[in-house]
Amino acid sequence: MRTEVQDRVWARAAGPLVAIVALVILLALLQVTGLAFWQGLVINLGIFLILVLSLNLSNGFTGVFSLGHIGFMALGAYGSAILTLPLREKQEYLPNLPAWLAGIHFDFRFGPFPLGFLVATVIAALLVSLVALLVGLVLMRLSGHFVAVATLGFLVIVRVLLFNADNLTRGSRTFSNVTPYTNLWWVWAWAILTVYTVWRIKHSPFGRAMFAQREDRWAAQSIGIEVMAPRLLAFVVSAFFTAVAGSLYAHFITSFSPTVFYFDLTFKVITMLVVGGMGSVSGSVVGTALIVGLAEVLRRIEDPTQLYGISGIVLAVLFILIIIYKRDGLLGQREIALDPLFTKGGGTGGEGQMTNAE
Amino acid sequence: MNLVFYILQQLVNALSIGSLYALMAVGLAMVFSILRLINFAHGDLIMVAAYFAAFALLAKLPLVVVIVVMLAGTILVGLLMERMAYRPIRGAPDVAALLTSFAVGQILQNGTLLVTRLMQKPNPLAFPVISALSGVFTFGSITIPRVNVLSLTLGIILLVLLSLFVTRTDLGLSMRAAAEDLPAARLMGIDTNRVIATAFAIGSGLAAVAGLLFAVQAGQLTPYMGFTPVLKAFIAAVIGGFGSISGAILGGYALGGLEVFLTAIPGIGDILPPGLVSPSVQAWLRQWLPSSLSSYRDAFVFVVLILVLLFRPNGILGSREREEMG
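Sequence order for the protein chains is A and B. Using numbering that gives the first Met the number 0, read the first sequence as starting at 0 and increasing by one per residue. Using numbering that gives the first Met the number 0, read the second sequence as starting at 0 and increasing by one per residue.
Honestly, the hints are just simulated from the structure, not real lab data. Cβ coordinates follow ideal geometry from the N, Cα and C atoms, glycine included. Careful, some of the hints might be misleading.
[Unchecked claim] Reference listing, derived: stretches of chain A covered by chain B, where coverage requires no fewer than 3 residues with Cβ under 8 Å from a Cβ of chain B:
(1) 148-154
(2) 315-325
[To be verified] Label pairs and their in silico Cβ distance ranges:
(3) B:M83 / A:D215: 31 to 37 Å
(4) B:A196 / A:E214: 45 to 51 Å
(5) A:L192 / B:D93: 20 to 26 Å
Use the sequences and the hints to build the structure in full.
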C-alpha cells in the first residue's frame, strides 16, 4: 500500500537509478570485453565530464567566468601524484622533497581496494579547494571579462610555479611513474558523484541564488540575495571536483608535464560547456559527449594524414557558429528530465518533458 | 662607471621591449574602446605577421617586398576576423565576445600549423636572419642589439603618427567619437563599420611591425608564440587604463620597465662597484637574486595585473567613466 507521495518519490528516483544501472552494465561490458581503445575513450569522457560539470557550476551557474580552472586541475594532478608515489620511486625521481613529504606515500590498499588513491585524491582536492577559497575571496569581486582575464592570470601563475618548483614537480621534466590506479569505475563513480552534487546545488536555495545574481545582480541584491557567498561556494566546490579530475587524469596517463595544463585544454573544456549550454547539467553531459566524440573522429583524420591543426580549426569554427546562432548552447538552462518516463499517465504535471530552471 | 653603463643598457632594453608592448597594446585598446571586446586573437596577428615575413624571406624576396607582404597579409587577416567573427556577434555579452576571440585565435594558430605542415616547413621554424636588423651597436662599453634600437625608434615614430591620426584627421575624430558612444556616433552619421574596420586595420598593421621585431629577437617561430605577448599587451593596456590609447602606450613602457627591472636586478650583484655594499651582501645578492626573480617574472607580472584590476580598475590614465566591476 504505497501513498501517492511515495509513488512520486519512486518515480523521481527511478530515472537516475535506471540510468546508473545502465551505465554500470555498460562499464561491466567494456571491462569484460577488454577493448582497450573504448575503455580509454570512456575514461576520457568521464574525466572531461567532471571538468565540464565543475566549470558549469562555477561559470555557468554564477556567470562569473573563470579561465583558471585548469590551474586547479594541474594542482590536483601534481598534488595527488606526489602523495601516491611509492617510497622507492619517490627517492629516485623526487630526491629533494621536503622531509615531511618524502615520508608520505598513500599507496596502501584495503584488500584489493587502493584506499590510498582515494585518500590522496580527497586530500589533494581539499587543499586545492582551500587555494580556490583564497583566490576566490580576491577574484570573485570582479565580473565580466575582468574576472576572466584575472583567472587567466591565475592559470599563468600556476604554470610558472609548477615549472619552478623543481623539488616538488621535477619542473619542466616529465613527472612519471605514477601508479595507474584510474580505471572505468573510479572515473565514473566520481562522475556520478559530480553530477549528483551539481544537480543538487542547482535545485537548492544556493543554486537559485547563483542564477538570480547572474541574471541581475542588483535586483537580486535588493531583495536580499547574497552575491559573494553563492559565488564563492560555486567556485570552491567546482575547484574541488576539478582537482579530482586532475588526480584521475594523473593516475590515468601516469606521466605528464606542466605544459599539458594550459590554454588548449582550457579552451576544449569551455567549448564543451558552451555547446551544451551554460547552466544545464544535462547540457554538460550532451556537450561533453559530442565534443569528445567529434575530437576522436577528427583525430582519426589527423593522425594518418599528419594534417595536424584540422581538429582545432573545426572545433573553433563550431564554437563561433554556436556563439553566433545559438548563444545559449544546445540546452540553455533547461534539463532533460528522466522521470516522466516512469510516471503513470506520462508525467505528474509539475515537471514537464523539459524542465526549466527558472 | 660599470654601473652607469649597466643602467643605460638596461634602460635601452626597457624602452625597446616597452615599444613592442606599446605597439601591441594600442591595437587592443582601440578595438576595446569602440566594441568593448578584448581581442585575444590580436596576439595571433603578431604570430601570423612573423610567419608571413618568414615565408617571404624564405622565398628570397627583397626586404621592402617582405615588409609589404607582411603588412598587407596581416591587415587582411585582421579585417577578415572582424568581418567574419566579430561583426556577427556585435552587442553580445562581454564574455561571449571574449570567448569568440579565443576561438579566432585557435583558428589562426591551427591554420598556421596546417599551412607550415602543407608547405613542409619544420615546426618550430627558424626565422631567417635579416642582415639589416642583426648585429649590435657599440658605444664605449655598452653593446646594444641593432633590433632593440630599431624597436625603440620605430615604436616611437609609429605611436606619434598614430596620435596625430587620432587627433588631427576626420577618420581619427570619428574613431574617438565611436569610442565615446557607439550608438550616438552612428546617429550623428558616422559610418561605424568603416571606423571599426579602420581600427582593426591599424591595430593589425602595428601588430605586424611588432611581430617582425619580435621574430627577429626570438629567432624562431611557433604557432603559439602570440599567446604570451598578447597577455603582456593586455596587462600594458590595463595598467594604462583600458580603452585609452595614450594609456596603452604608457602602460607598454611601464611594463617594459618593470620586466627589465625584474631581469636586470639579478645582474646587479656582479656589477656593483666594490665598497658600495658589504661583501657579504654582495655575495648574497649574487647567490639569491638570479634564480629567484627572473624565472618568476611572468608570475610577478600577473600579480601586478590582478592588483591593478582590483585597486585601480581604470588604470593610471583610465577614462573617468566608472567601470562597473561588480
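To see whether the hints hold, each was checked on the structure:
Taking a C-beta to C-beta cut-off of 8 Å, the stretch 148-154 of chain A contributes 5 residues in contact with chain B, enough for the three needed, and the coverage statement holds. Only when three residues or more bring their CB closer than 8 Å to a CB of chain B does the claim for the stretch 315-325 of chain A stand; here the count is 6, and the claim holds. Our hint of 31 to 37 Å for B:M83 and A:D215 holds, since their Cβ atoms are close to 33 Å apart. The hinted range of 45 to 51 Å is not satisfied by B:A196 and A:E214, whose Cβ atoms lie roughly 34 Å apart.
Between A:L192 and B:D93 the CB atoms are about 33 Å apart, so this pair departs from the stated range of 20 to 26 Å.
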